[in-house]
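Visitor: Okay, here's what each chain looks like letter by letter:
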Amino acid sequence: MEPKMEILKDIATSLLAGNDKKIVEEVAQAIEMKVPTTEILDDGLIAGMNVVGKKFRNEEMYLPEVLLSARAMAAGVALLKPLLIAEEVPSRGKVVLGSVQGDLHDIGKNLVGIMLEGAGFSVVDLGIDVPPEKFIEAAIEEDASVIGVSSLLTTTMSKMKGVVDLVEERGLSGQVKVLVGGAPLTEEFAQSIGANSYAYDAANAVEKVRELVGEG
Amino acid sequence: MRPTIRFLDEQLITRILDEARDLLRTLGVTIHNQELLSLLGDHGAEVDLPAEQAKLSDEIIDKALKPSPSSFQLFDTLGNQTHDFSGDKVHYTPGSAAVNILDHATGEARRPATADYIRYAKLVGGLKNIAAQSTAFIPADVAEPIQDSYRLFLSLLFCEKPVVTGAFTKNLDVIRDLQLIVRGSAEGLKKKPLTVISVCPTSPLKWTEAASQNLLDCARNSVPVEYISMPLSGFMAPVTVVGSLIQHTAETLSGIVISQTVNPGTPMLYGGAPAIFDMRYETTPMGAVETMLIDCAYVEIGKFLNLPTQTYTAMSDAKLLDAQAGLETSMGATLGALTGANSISGPGILDFINSLSLEKLVVDNEICGMTFRLLEGIQPRDDFPALPLFQEFLRDKHLIIADHTRKYLRDEIHFPGPTIDRANRARWQEKGAISIGEQASREVERLILEAEPTRLDEGVQAQLVERMEGAARSAGMDTLPQRDA
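Residue numbers (the working numbering), protein chains in the order written: chain X, 1 to 216; chain G, 1001 to 1485.
Derived from the structure by calculation, the hints contain no laboratory data. Just so we're clear, the structure is a prediction, and the values are computed from it rather than from any experiment. Watch out, some of these pointers could steer you wrong.
[What the hints assert, rightly or not] Pairwise CB distance ranges, derived in the manner of DEER restraints:
1. X:P82 x G:R1410: 34 to 44 Å
2. G:T1082 x X:G102: 50 to 60 Å
3. G:K1397 x X:T154: 22 to 32 Å
4. G:D1322 x X:K54: 30 to 40 Å
5. G:T1082 x X:K81: 17 to 27 Å
Here a beta-carbon is modelled for each residue, glycine too, at the ideal position from N, C-alpha and C.
My request is simple: use the sequences and hints to build the entire structure.
Guide: In structure tokens, the structure reads:
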């Protein structure tokens, strides 16, 4: 195997093992070897993360292992980031994330954030109790293509419609998609408020974001 | 600590044993076997040969209990140890023996054939919470005289796990020979038992010609037995739990006396399959809560006598794999496990032991897995002092990737197989919103497809076939059914 292929394979393997220290060493080595930045990202890190996702779906890996891999991914991406910016490589898509106005829960939303970052997306986490305006402003400012809104309460889920409506009102429907999720939600509810997509758990959210940005 | 459940105090156990001994001393036990009666007479029993009665004194009972092994092991067809019947160690085996198989495709209970039995044996090989096979149902496509040994034959060819079995006649020759072929010699079989033979007294206090001959032959060959006393409370036993226990104790003690008098040290399980009698339907519900009470209580009596134990608790009287099947099987398996019964029979069984369902066997395997987790109980695992972990928790906002979580996740939390649905509704719907029965059916097919052929020596397999074909010819069959299912 040629050295370039070998180092990319090593990166993917370390990612699967969730070994962030090794990932940092290997990504640095790959950069030094002049492996194109996009190849390190696509054929090393993202390729490894795709295997992780598959194994999680098949119940061969559980959440702790997935999150370790996600952490390793983030460590690798951090090294690549300056190069990606310098080379003007277009971002894979940015997601603005938050718990809906009135909702103070953030465990599910945090999990979605970790998984999205692990899958190579940039995430801007607005935290909890986020009013619709703040979602929209952040999306414009960050040039995000997806807004992810989370809700744990049946009393706050109705507020999600406010985000969808405001995207429409500001004429952003073409460039910003709204993904909703949270324990009490259903696909039917998501459709009823006009959301672009619904995710039933964090791993599913990654799949849905991929679809929304045209990677699905 | 290991969680344990107890229903009897020592005073009550002692009283039940005293009353049982009184029955054996005063009324005696009927044994339709002159050879055994003479032997018991030689050892001090008061025997009435024409009446086929033996009265058993305290001395003869005590003499029998003394050499009774408090534990023994079972070994698979390859000679690897799979069971340790000692202390409170729990092992599950499918219930037996049903006349029907519940056909998942049609929903009908029908007579099973060789192909069904092979599927069953392959499936049991893949169920990790079920340590033994049983000859769980009766293939109807062979002549009646060999239906018992034929089950064992198929089990030995298609699954490596040891077998809980039994005979339908007084002739154990084929069943013995098949085991001798696998082990290679009588000494080898004695050293590494391959089966447990169920032998059933008839209530009240009687050993039929077949049962007594089976006890005699097993003892002579040092083949382990389990005594399956079956008092039916209110019909063929007193209606009370205590009265049924007295009868069960007397019948089981009489079995111990027979085995240990023939061959002191014969391995055996203090077992049973009692049931209440439901006066409304004239049925013998194995899933009744009182049945379970009797089961657990006699296991306690067996333990009091320092004997390994067996019970029929993990089963149901439902006709389908439905909620009743789940609730009765779960309750029985849990109680049996908490009592510390060494061998628990029942998984797969429905309908008063008339039907076996492969799909239920898969579901019950999960129930058994959950009871094993229950038995592991609660123990601190780097939980003291608690402060550092909680500091980490507050710092990282979650513990999903904490070292503590990763170290203990799989020890602390039992993750059941795909039959137990734990997905959220949307994910469940995405997978087709299927019922437990359908999911279990898929698992049945997967496990059968993935089953590896036995690693039993091919020469040994050929000898098994030769012996079985010989038995079939004696029973009037030219050939055995095809086994390429």
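Visitor: Each of the hints needs a verdict: does it hold here or not?
Guide: A quick look at each hint next to the structure:
1. X:P82 x G:R1410: 34 to 44 Å: Given range 34 to 44 Å: holds, Cβ gap about 39 Å.
2. G:T1082 x X:G102: 50 to 60 Å: Because 58 Å falls inside the window, the suggested range holds.
3. G:K1397 x X:T154: 22 to 32 Å: Since K1397 of chain G and T154 of chain X have Cβ atoms about 25 Å apart, the given range 22 to 32 Å holds.
4. G:D1322 x X:K54: 30 to 40 Å: 35 Å, holds
5. G:T1082 x X:K81: 17 to 27 Å: Violated: the Cβ-Cβ distance is about 56 Å, outside 17 to 27 Å.
The structure shown violates just one earlier hint, number 5.
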